[in-house]
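Asks: The primary structure of each chain is shown beneath.
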Amino acid sequence: MKRHPLTAALLRPQFAALAAVLFINWLLFPGFFTITWQDGRLFGSLIDVLNRGAPVAILAIGVTAVIATKGVDLSVGAVMAISGAVAAVMVSSGTPATIAIPVALLAGLVCGFWNGVLVTYLDIQPIIATLVLMVAGRGLAQLITEGSIVTFSDPLLSFIGTGAFLGLPMPVVIALVLMVGATLAVRRTALGLLIEAVGVNRSAARFAGISSRLLLLLVYSFAGVCAAIAGLIVAGDIRGADANNAGLWLELDAILAVVLGGTSLLGGRFSIPMSVVGALIIQAMNTGILISGFSPQFNLVVKSGVIILILVLQSPMAAQWMGRHLSFLTSPRNRSAK
Amino acid sequence: MNRALRPLLATTAIFLLAYIAAVLQYPSMLSTRVLGNFLTDNAFLGIAAVGMTFVILSGGIDLSVGAVIGFSTVLIATLIMWAGLHPLLAFAITLVISAAFGAVMGAAIHYLKVPSFIVTLAGMFLARGGASVLSPDSIGIKHDLYTNISRSYILLPGGGRLTVIAMIMLAVFVLGIILAHRTRFGSYVYALGGNETSAALMGVPVARTTILVYTLSSTLAGIAGIVFSLYTSAGYSLSALGVELDAIAAVVIGGTLLTGGYGFVAGTFIGVMLQGLVQTYIVFDGTLSSWWTKIVIGGLLFLFILLQRLVFSASSPRKKAFRKS
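Chains as they are written, first to last, in this note's numbering: chain A, 1460 to 1797; chain B, 185 to 509.
Warning: the hint list may mix true and false statements.
[To be verified] Quick list of the computed label-pair ranges, beta carbon to beta carbon:
#1 A:1482 - B:494: 52 to 58 Å
#2 B:270 - A:1771: 36 to 42 Å
#3 A:1493 - B:328: 57 to 63 Å
[What the hints assert, rightly or not] Not the full set, but computed from the structure, chain A residues with beta-carbon under 7 Å of chain B:
#4 1591
#5 1595
#6 1598
#7 1763
#8 1767
#9 1770
#10 1772
Derived from the structure by calculation, the hints contain no laboratory data. We put the beta carbon where it would ideally sit given N, CA and C, even for glycine.
Work out the full structure: start from the sequences and follow the hints.
Replies: In structure tokens form, the structure reads like this:
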């Protein structure tokens, strides 16, 4: 039996999970799928899930590439705060947004490059290397804003956070463009293969002639730029830069999204679109908990439950057990994959 | 000289130099009052950092300690104020729960073969979430035992106060040093951090040691939670936010190698004191803002990671040659 690749992709458990969460949301709130057209843009809870999920999705795109190289980036939340602070301070002191936005993205690039240098040239474990920026980055962001919440009224910068393009909210458009661009870059060129090679075995990749240092620098810089974009969106959304709270704990959400998407934490196998689906699952859960009237704190308990479930399902023990007891379930899927 | 001692000596030297520099600028910093406050204000961090030292020595990481501290404060507050239990009973229940929490995380890390930071990340979400489900608001604790403990202290020469919670921290450090360097469990932890496969081949009970290390870390986080609730006389689900990062920083600054296997519990103590010094200096200065603490600690963290790399690659030419190839 041979399935169309698209049907096979849509049958993945992540889509089933997303559909299940959306279905529960619909049960809780019957108007969940209603989408209306108003003032030249779409409105509705579903659009809201996409819009609110966009920053985490953008972070997850960058973090996916890093995790695929067997690394992890804990600093993306702090980098968000830095880029938001840079853009807000420049705009509020009179610099046009057309200059402030590239400078903020450059700040993200520099942060990511710094992480990359620590990981490649100083050979520091990625968790620890990015921890340095996670601790110091928020302090740097506060240094830039001088401790206050810098507000601005620049139309271009707030358009990034709250505007709409072809009826879709701007953050969704940016996330979509980034997802398609990054997926094409890794799947239509050899880049994805090289990233997977470095993730599976860095020394073997080097012996095979891959310049793993350059590749790692590139990947960490990319994660930094993604974080900077997410930071601009969050700053544009509230028309201000809050160095303390912008992107707080979002690095953990981004990692969770990547893991939900099925990217292996041990490097190698990765999928950027599935990480975006993972981010949407998280956001759909958040929205569901909000509309169901539970306190938002309940979120954390649900999230940890989901992580534990995934870890158990992904573990070698579960694979062995399923291989022994559920071979009738797994074998047809294996056949259809061929 | 043992090369593993070098980072510890470097930390001690930097701490002394920084302290001397601070005293030259503000002579009043050289007093037992300031030292007593150092110990009291960082007691919960120090206790949590001892647990973190063991976890990092074993080659893992525990991101859940801050959340466990927050959960413990809320649990203690609800048990005392709502259930009407005696504080000592509440402390015992808290320690049992936090120990069980750590044991489950350790078992998950070992049996599910998942990186420790993901498991403890889930633990962090669970503990923070559990705390805010128990009570999203801060609960004040009013009990005779609390007022008695916060009133009692040993007067040091020079007017400084050695409070009960500072003494708890010092006791935990002493016990931690003995556990790490003078017991079989301690050498198992070092062996595990050096190389898990060789440790298993040498007969180290890997499963039991891993579970015990995380149990120890969570139990100490529970004690840190007790100390934190004594310190603030309140239970709040968001208390001790980000303490796991401070604890990791203290361990690294204290000269423990992040890849596991090398390090000293005593170094962590100096790491905690160095962070306390940075905070106290910023308070004394008055013009520097609080965010400089984060930047300076981030900078110190970087400096010490760099130092570790230099010390360890300079003294093992074989390893260096291997990496260059």
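Asks: Among all the numbered hints in the text so far, which are the ones the structure does not match?
Replies: Going through the list in order, the structure violates hint 10 alone and respects the others.
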